[in-house]
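Chains A and B supply the protein sequences, listed in that same order.
Mapped onto our numbering, the consecutive letters of the first sequence carry residue numbers 1 to 410.
Mapped onto our numbering, the consecutive letters of the second sequence carry residue numbers 1 to 442.
Derived from the structure by calculation, the hints contain no laboratory data.
The beta carbon of each residue, even a glycine, is placed where N, CA and C say it ideally should be.
Incorrect hints may appear among the rest.
[Claimed, not checked] Here's a subset of chain B near chain A, in silico, CB distances under 7 Å, partners left out:
| # | residue |
| --- | --- |
| 1 | Ala59 |
| 2 | Lys60 |
| 3 | Ser61 |
| 4 | Glu62 |
| 5 | Thr63 |
| 6 | Phe177 |
| 7 | Arg327 |
| 8 | Ser328 |
| 9 | Gly329 |
| 10 | Gln332 |
| 11 | Gly437 |
| 12 | Arg438 |
| 13 | Ala441 |
| 14 | Gly442 |
[Claimed, not checked] The list that follows gives simulated cross-link-like pairs (lysine-lysine, DSBU-like), each with its CA atoms no further than 35 Å apart:
| # | chain 1 | residue 1 | chain 2 | residue 2 |
| --- | --- | --- | --- | --- |
| 15 | B | Lys278 | B | Lys294 |
| 16 | A | Lys121 | B | Lys294 |
| 17 | B | Lys399 | A | Lys21 |
| 18 | A | Lys329 | B | Lys60 |
| 19 | A | Lys140 | A | Lys184 |
| 20 | A | Lys21 | B | Lys351 |
| 21 | A | Lys21 | B | Lys60 |
| 22 | A | Lys329 | B | Lys278 |
| 23 | B | Lys288 | A | Lys121 |
| 24 | B | Lys47 | A | Lys201 |
| 25 | B | Lys315 | A | Lys121 |
| 26 | A | Lys201 | B | Lys315 |
| 27 | A | Lys21 | B | Lys209 |
| 28 | B | Lys351 | B | Lys278 |
| 29 | A | Lys184 | B | Lys60 |
| 30 | A | Lys184 | B | Lys264 |
| 31 | B | Lys366 | B | Lys406 |
| 32 | B | Lys294 | A | Lys21 |
| 33 | A | Lys234 | A | Lys389 |
| 34 | B | Lys288 | A | Lys21 |
| 35 | A | Lys21 | B | Lys306 |
| 36 | A | Lys121 | A | Lys184 |
| 37 | B | Lys264 | B | Lys278 |
| 38 | A | Lys167 | B | Lys60 |
| 39 | A | Lys21 | B | Lys366 |
| 40 | B | Lys60 | A | Lys121 |
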Amino acid sequence: MTEPVFILGGYQTDFARNWTKENKHISAMFNEVVTGALQATQIPPEDVEVGHVGNFAAELYTMQGHLGAFLVETHPAFSGLPTGRHEAACASGSIALLAASAEIEAGRYDLSMVVGVEQMKSVDSARGGDFLGTAAWYEKEAAGISYPFPKLFGRLGDEYDKRFGLKDEHLAHIAAINYANAKKNPLAQTRGWYMSEEHAKSQDRFNSNIGGRIKISDCSQVTDGAICVFLASKRYTEKYAKARGLDINKIPRILGWGHHTAPLGFDEKVAESRDNPYVLPHTRQAILDAFNRAKVADVWAVDAIETHDCFTTSEYMAIDHFGLTAPGKSWQAIEEGVIELDGQLPINPSGGLIGCGHPVGGTGVRQVLDAYRQVTGTAGGYQVEGAKKVATLNIGGSGTTSCTFVVGVN
Amino acid sequence: MTTETLPAVRLEKVVVLGANGAMGAGSGALFASGGCEVTLVARDIGKAEQALGQIQGIAKSETIINSVSCATYDDLATVLAGADLIFECLAEELSLKKDIFARVDAVRPPNALVATVSSGLSIREMSAGLSQGFQSHFAGIHLYNPPHVMTGVEVIPHPAMDRGLVAAVEDLLANRFGRAVITCTDTPAFAGNRIGFKVLNEVAQLAEKHGVQLMDTLVGPYTGRAMAPLATVDLVGWDVHQAIVDNVAANATDEAIGSFTMPKYMGDLIHHGHLGDKTPELGGFYRKFTLDGKLRSEVLDPASGKYVAVDPGLKVPFVEQVRAYHRSGRYQQGIDCFMEAEGAQADIARKVILGYVSYALNRVGKDEVVATYADADRIMTAGFNWAPPSGLVDLIGLKRTAAMLKRYDLPSAPVLDAALRGEIPTPLFNLPYVTPGRYFAG
Chain A
1 MTEPVFILGG YQTDFARNWT KENKHISAMF NEVVTGALQA TQIPPEDVEV
51 GHVGNFAAEL YTMQGHLGAF LVETHPAFSG LPTGRHEAAC ASGSIALLAA
101 SAEIEAGRYD LSMVVGVEQM KSVDSARGGD FLGTAAWYEK EAAGISYPFP
151 KLFGRLGDEY DKRFGLKDEH LAHIAAINYA NAKKNPLAQT RGWYMSEEHA
201 KSQDRFNSNI GGRIKISDCS QVTDGAICVF LASKRYTEKY AKARGLDINK
251 IPRILGWGHH TAPLGFDEKV AESRDNPYVL PHTRQAILDA FNRAKVADVW
301 AVDAIETHDC FTTSEYMAID HFGLTAPGKS WQAIEEGVIE LDGQLPINPS
351 GGLIGCGHPV GGTGVRQVLD AYRQVTGTAG GYQVEGAKKV ATLNIGGSGT
401 TSCTFVVGVN
Chain B
1 MTTETLPAVR LEKVVVLGAN GAMGAGSGAL FASGGCEVTL VARDIGKAEQ
51 ALGQIQGIAK SETIINSVSC ATYDDLATVL AGADLIFECL AEELSLKKDI
101 FARVDAVRPP NALVATVSSG LSIREMSAGL SQGFQSHFAG IHLYNPPHVM
151 TGVEVIPHPA MDRGLVAAVE DLLANRFGRA VITCTDTPAF AGNRIGFKVL
201 NEVAQLAEKH GVQLMDTLVG PYTGRAMAPL ATVDLVGWDV HQAIVDNVAA
251 NATDEAIGSF TMPKYMGDLI HHGHLGDKTP ELGGFYRKFT LDGKLRSEVL
301 DPASGKYVAV DPGLKVPFVE QVRAYHRSGR YQQGIDCFME AEGAQADIAR
351 KVILGYVSYA LNRVGKDEVV ATYADADRIM TAGFNWAPPS GLVDLIGLKR
401 TAAMLKRYDL PSAPVLDAAL RGEIPTPLFN LPYVTPGRYF AG
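Pulled out of the complex, with its shape left as it was, chain B reads as follows (with noise of 0.2 Å):
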C-alpha cells in the first residue's frame, strides 16, 4: 500500500496511561518530541507529574513539557474527550489492562485509537468482551525500552482493525516518530522478546553446566550484541525475564520450547529477591559492589547460589582471534574464525548462535510470528541491537549455515531452503542503511 492510498490518521493529541512508569514516560517524550500535545495520567496527580521531569531528562530539554499536561484517572472522561490515541503502559497484568480498557471503552471518542505498550501479552484476551470500536481502533504498539534509544517497535493489531488503518498509523510511527516498524502477529513475546528472550533463557540454562561468565564469554558482543546475554538479563531485570519466559512457555508451541524454561537456581533466586540490576546488593548474575574505593565485580555461581570473584584473566584464545578480526572490521575473517574454531567451548557458542538463525528464520511465514525475514532483522537490530539472522547467515554462507545447523541437530528455515534452491536471491540481508558490522564488537 502506497502512502498515498492510507487513510488519513490524526494524531495530534495523545494520552498516556500509566505515565509515571519507564514505559510511561518513555512513550510520553516520543510522542511530545514527535510535535503531539501529550496528556500524562497516573493514579495521582504528583506521579504524573514526576513523569515531566523524566521527559525532560531523556529529551535534554526543559521546553518539551511545554506541550505535555498531567491529570489522574478521576478526570479520565474529561482527558479522553479530545484525543486522538490512547497509549497504555500500565503494569504488565492483564486483569489491570482489562480493567482500564474497560474503562476507557465507555468514554473513548469513536476515531480514537487504543494502543498497549505491552511486551507480549493477547492483544485479543486484553480487548475480550469490549465494544466493536474499540476492537476495530485497538493495536498493540510495542516499543522497546528506552525509546529513544532504541527504535525498534512492533504493531500488532487486533484481527478487527482495518488493514487500512494499520498500515497509517505505521507509516506515522515510521515517518513521523522515527521508528524502525514491523507487524506481528498476537503471539506469546510477539517477535523481538519470543526470538531474543529464546537466546537469553538457552544462555542462562548452559550457565547451570558452564558458569555465567564463561557463557557470557562464550556468547560475548562478538557474536553480534551490544552486550553478553546475561549481563542483559540482570539488566532488563529477572522478575520480566520470568513473566516473558514463562508466558511463551504456557502460550506458545515451537520446536524449541523447552528454551523457555526458566532454569531452577533462577527461580530460587528470585524468590530470595535476586532481580539482577535494579537490586545491587542482592546482585543477579552479577553483583557490583565497592571495597576500599574500589568498583568491585563478583559472578553467580549458579550450583551454589553464591557470589564468587570475576576471573580476569578468563580468556578464550577463539573468542581473542575473532575480537581482533572484528576490532579491524574484518568481520567476515572473524566469523570465519568463530565457524572454524575447534573445541567443545566453540561448539557450545555456535549452536547457541546458529540456533538463534533457526529460530528467528522459523518465526516467519504466513501462519507465524512475522511476515518476511526482513521483519525478524529489523527488530532484532533496532530493539535488541543485535546482529540480524539473515546478516549472520551472509557471513556464515548459507551452505555452512546449513551443514552447521544439521551438525548442531537444529531445523532449518523455509526461507534458507528457498535460498538454497536458488529461488530468493543472495547476500539476504537487505535493510538499507543498517550495516551489519557495527553489532559484531570487537
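Extracted from the complex, chain A is given alone in its bound form (with noise of 0.2 Å):
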C-alpha cells in the first residue's frame, strides 16, 4: 500500500428499528447515522474531505436515488463535499470502503466518510424478495420465482453435499451460534428473539423450508439500518491521535483487503470450479490476497472473523475458504467449537447476518466497524479478549462479488 488507511471509528443504528413504521424516510437514516458517528468520534465535520456510500436498491425500495447527496444533507458544514454511491449488491458496502480507502492510498483525501445504508421493511416480503432477486442474473434466475435467493443458497449447499457431503444438522449449529452471540450485541436485531439449536434443526411450520434445504432458521434477516465509519490517511490520524492523547499505534487500519468478481449465474460458477478444491475460487482468492497484503500467513493469525453469513451455507463455505479446515471439512471447526464466541477463531461475534442482521448494502461497512470495535476492545458483551487482528468478508450476489478486509491494530 503507498499510504496506510486508518479507521478512526464510527457508529451503527439499532437494527431492530422499523424505520417504515416509523414513518421515516431514507434521509433519517442518513442523519442519524452521520450524526451519531461524529458524536462517537469527536471529528468536526469540517475535517471531512469526501463521503461514499454503499446502498444495494434503494431505487426499489423506496424509490430514491442519488444517495451520495443524502451525505451533503446531514450537516451544514457538508455543502460542496464531493460524494458518490457506489453499488454491487450486497457488497455494495465493502465496495464503497474500497473506494474510499483507495483515494486515501493515492494520496487524494485525508478523510473519508463512508456510510452503509438499506432501508428494506417499506415493502412485504414476498416482493422484497424479488428485488433481492436484482442481485443475481434476475431473467435466468429470479424472474417468476418467489424467494430466489434461499434457493440459491440452498443449491451451494447441495453443491457442497456432492462433493463433500453436509448434514443439516451443522448448518443448524451455525443459526444457533448467530442467533447466541447476537444476544450479546446491543444493536443486534434478533437480540430478543427465541432460537435454540433444538429450533434451528427442526422442520415445522414455524421453521419450514423455502428454498430447496434453506430452512427460515438458516436465514438472515430483512434489515433497516445504517453504518458510517470514518477513514483517514496517517497525516490526518497523526493530527487526530495528537489532539485526543492517543497512541497512533493503538489506531486500527486495514491491513489488507482482497476483491474478485465471480460469474454472476450460480451455474457459470459451479461449471467453472469443477475441477478445483474450492467451491468458489474467487472468494478464496480474494482472503487470500487480503492475508497477502496484511502480510498474514493464514487464518490463525487472526483473532476473529466477521462473514457473510446470508444463510447458513454461506458461513460454512467460509469456513473452508478462509482455511480454518481442509476444502469440505468445514464441519469439523463447527464440531469442535472452533468458531464459537469462546473457540479458537470466533466466527461472527457480532451475530453476523443471521442474528445482528442484514441491511444489504450497509453490511460491508458494519463489518469493519464490528471488526474496529474488536480490535480496540470495544465490542462490550460480544468482545473476543485481545483480538489484534479481524477479517471480513462481504459477499455480493450468489457468491458473485467477494471483498475481504484484514482490521488491526500493531
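Dock chain to chain to rebuild the complex, using the hints, since each chain is given by itself in its own frame.
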C-alpha cells in the first residue's frame, strides 16, 4: 500500500428498528447515522473531505436514488462535499470502503466518511425477495421465482453435499451460534428473539423450508440499518491522535484487502470450479489477497472473523475458504467449537447477518465497524478477548462479488 | 454492586400461576426462551394447555414447549417442590392474589423466589401476614405487555428482601432475559404506568372539550410515541385504564393527582360495556367496522356518547411541519418548530408534553418512585415506546424547558434545577444504545 488507511471509528443504528413504521424517509437514516458517528468519534465535520455511500437498491425499496447527495444533507459543513454511491449487491458497503480507501492510499484525500445503508422493511417479504433477485441474473435466475436467493444458497449447500457431503445439523449449529452471539449485541436485530439449536434443527410450521434445504432459521434478516465509519490517512490520524492524546499504534488500520468477481450465474460458478478444491475459488482468492497484503501467514493469525452468513450455507463455505479446515471439512471446525464466541477463532461475534441483521448494502461497512470495535476492545458483551486482527468477508450475489478486509492494530 | 459480588440465584425451574392469561403465556414464553424449565398452572389442565399454543406462537417455535409442562392448582404442592421462581399472573384483584400467596406460603421451598406480575397493586398488602421467609423472597416483577415486544420491567422488592438478592435478580433479568430493568418503590402503579397513565388520562380529560381526533393529533406520534394516546387506551382496554387511574387517584398524593380522575363520559360508556378494542362492536375512542367491504373508522364524540365519521381532512399545520422534520431525522428542528408554534392548539399539545416531563422527573428521588431520572427514561422507552423525558429536555433545551414549565404553571423538578445550576452534566439523556430519535415519528 502506498499510504496506510486508518479507521477512526463510527456508528451503527439499532438494527431492530423499523423505519417505515416510524414513518421515516431514508434521509432520516443518513441523518442519524452521520450525527451518531460524528458524536462517537468527535471528528469536526469540517475535516471531512469526501463521502462514499454503499447501497444496493434504494430505488426499488424506497423509490430514491442519488444517495451520495444525502450525505451533504446531514450537516451544514458538508455543503459542496464530493460524494458518490456504490453498488455491488450485498457487497455494496465493501465497495464503498474500497473506493474510499483507494483514494486515501493515493493521497487524494485525508479523511473520508463511508456510509452503508439499506431500508428494506418498506415492502412485504415477497416483494423484497423479488427485489433481492436483482442481485442474481434476474431474468435467468429470479424472474417469477419466489424467494430466489434462499434457493440459490440452498444449491450452494447441495453442491457441498455433492462434492464432500453436508449434514443439515451443522448448518443448524451455525444458526444457533449466530443467534446466541446476537443476544450479546445491543444493536442486533434478533437480540430479543427466541432461538435454540433444537429449533434450528426442527422442520415444522415455524421453521419451514423456503428454498431447497434452506429453512427460515438458516436465513439472514430483512433489516433496516445504517452504518458510518471514518477512514483517514496517516497525516490526519497523527493530528487526530495527538489532539486526543492517543497512541497512533492503537488506532486500527486496514492491513489488507481482497476483491474478486465471479460469473454472475450460479451454474457458471459451479461449472468453473468443477476441478478446483474450492467451490467458490474467487472468494478464496479475495481472502488470500487480503492475507497477503496484510502479511498475514494464514487464518490462525487473525483473532476473529466477521463473515457473510446471508444463509448458513455461506458461512459453511466461508469456514473452509478462510482455511480453518481443508476444503469440504467445515463441519470439523463446527463440531470442535472453533467458531464459537469463546472458541479458537470466533466467527461472527456480532451475530453476523443471521443474528445482527443484514441491511444489504450496509453489511460490509457494519462488518468493518465491528472489526474496529473488536481490535479496540470496545465490542462490549461480544468482545473477543485480546483481539488484535479481525478479517471480514462480504459477498454480493450468489458468491459473485467477494470482498475481504483485514483490520488490525499493531 | 458488581456482578462478581452478587449472591448466586438459581433460576432453572419457573412455575407460572395463572398461565392462561396474556401475561401468563407471555411470561411463560419469556422464561422458556431464557432456557428455564417452565410449569404452567391454571384452573384446569385444558386452560393450561391452551397457553402452550400461545407460547409457541410468541416464540415462533414448536420445540420451545419441550421444556414446558402443565398442571392445575390441585397439584400445587408437588409442582412448587422444585421451583426456583413462582411467578404469579392472576387477574389484577388483591383478594385473589392474597389467597394464592397464602397457599404458596404453606408449601414453597425455603429458597424459592415468589413474584407477582401485577402492574400496580401494593406488594406489601399482597404479602401482609405471610411468613418472614415468604416476604424476604417476594417482589413485584412487572413485565410490560407483550413481554416479547416490550422489554421494560419494574422490580418492586418487598422491604424485607435482601438488597443483594434484589440486585442478583435484576442482573439475571437484564443479562439472561434481555430486560431493561428498573427498581421501583412500592407505590401505586409503580413508575411506568404512573407516568404513562397520567398523560393518557389527561388527554382523555381534554378530549371532552377538544374532541378525540384532535387530541390524538395534537399529542400524536410526532410528540414521541409509537401510537396516539387515546388509541393506546383503546388497545390497553378501558377497564384496565380505569383500574390503574382509580388505584392511583385513591392511593397516591402528588402535584398532579387531578389528572387521574377518569372523565365521567368514560365511566358511563364502561357501564354500557365499551372497553376499547376488546369490544369491537361497541368501540372505545374509536370504532372500526366494515361497510360495503371497506374498513371504516368512527370516532367517539365524548359530549354525546355517539360515534361519528373520522375526519380524513383534519390536519394541524404545525403538526404537519414537525412531522416533516422528523421524517428526515431532523429531530432538533422538529422540536424547535413544536416549541415555537403559535396558537391555542400548540399550547394544548405543549402543556401535555411539558406536563409529562415535569411529572416524570418529579417521580425521581429519595421518597419517590425511582432513584434516578435514567430509570424514568428506561421504563418510558422500553415499557411504553415513548420518548424519554430527559431526552425531551435535551431537545427542548434546559432553559427553554424551565421557561415552558413556568408558562404552563407546571412544577420544575430537582433534576432540572440541579442541571440548571450546572451540578449535573448535560445533555441529560444517558442510556446506552437507545436513540431518542426513534420515538419521534414522521
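How the hints compare with the structure:
no. : hint                : in the structure
1   : Ala59               : holds, 4 Å
2   : Lys60               : holds, 5 Å
3   : Ser61               : holds, 4 Å
4   : Glu62               : holds, 5 Å
5   : Thr63               : holds, 5 Å
6   : Phe177              : violated, 9 Å
7   : Arg327              : holds, 5 Å
8   : Ser328              : holds, 4 Å
9   : Gly329              : holds, 3 Å
10  : Gln332              : violated, 9 Å
11  : Gly437              : holds, 6 Å
12  : Arg438              : holds, 6 Å
13  : Ala441              : holds, 5 Å
14  : Gly442              : holds, 4 Å
15  : Lys278/B x Lys294/B : holds, 21 Å
16  : Lys121/A x Lys294/B : holds, 25 Å
17  : Lys399/B x Lys21/A  : holds, 33 Å
18  : Lys329/A x Lys60/B  : holds, 32 Å
19  : Lys140/A x Lys184/A : violated, 40 Å
20  : Lys21/A x Lys351/B  : holds, 27 Å
21  : Lys21/A x Lys60/B   : holds, 22 Å
22  : Lys329/A x Lys278/B : violated, 56 Å
23  : Lys288/B x Lys121/A : holds, 26 Å
24  : Lys47/B x Lys201/A  : holds, 29 Å
25  : Lys315/B x Lys121/A : holds, 27 Å
26  : Lys201/A x Lys315/B : violated, 52 Å
27  : Lys21/A x Lys209/B  : holds, 31 Å
28  : Lys351/B x Lys278/B : holds, 31 Å
29  : Lys184/A x Lys60/B  : holds, 21 Å
30  : Lys184/A x Lys264/B : violated, 48 Å
31  : Lys366/B x Lys406/B : holds, 24 Å
32  : Lys294/B x Lys21/A  : holds, 23 Å
33  : Lys234/A x Lys389/A : holds, 19 Å
34  : Lys288/B x Lys21/A  : holds, 21 Å
35  : Lys21/A x Lys306/B  : holds, 31 Å
36  : Lys121/A x Lys184/A : holds, 24 Å
37  : Lys264/B x Lys278/B : holds, 20 Å
38  : Lys167/A x Lys60/B  : holds, 24 Å
39  : Lys21/A x Lys366/B  : violated, 38 Å
40  : Lys60/B x Lys121/A  : holds, 20 Å
Of the numbered hints listed earlier, those contradicted by the structure are 6, 10, 19, 22, 26, 30, 39.
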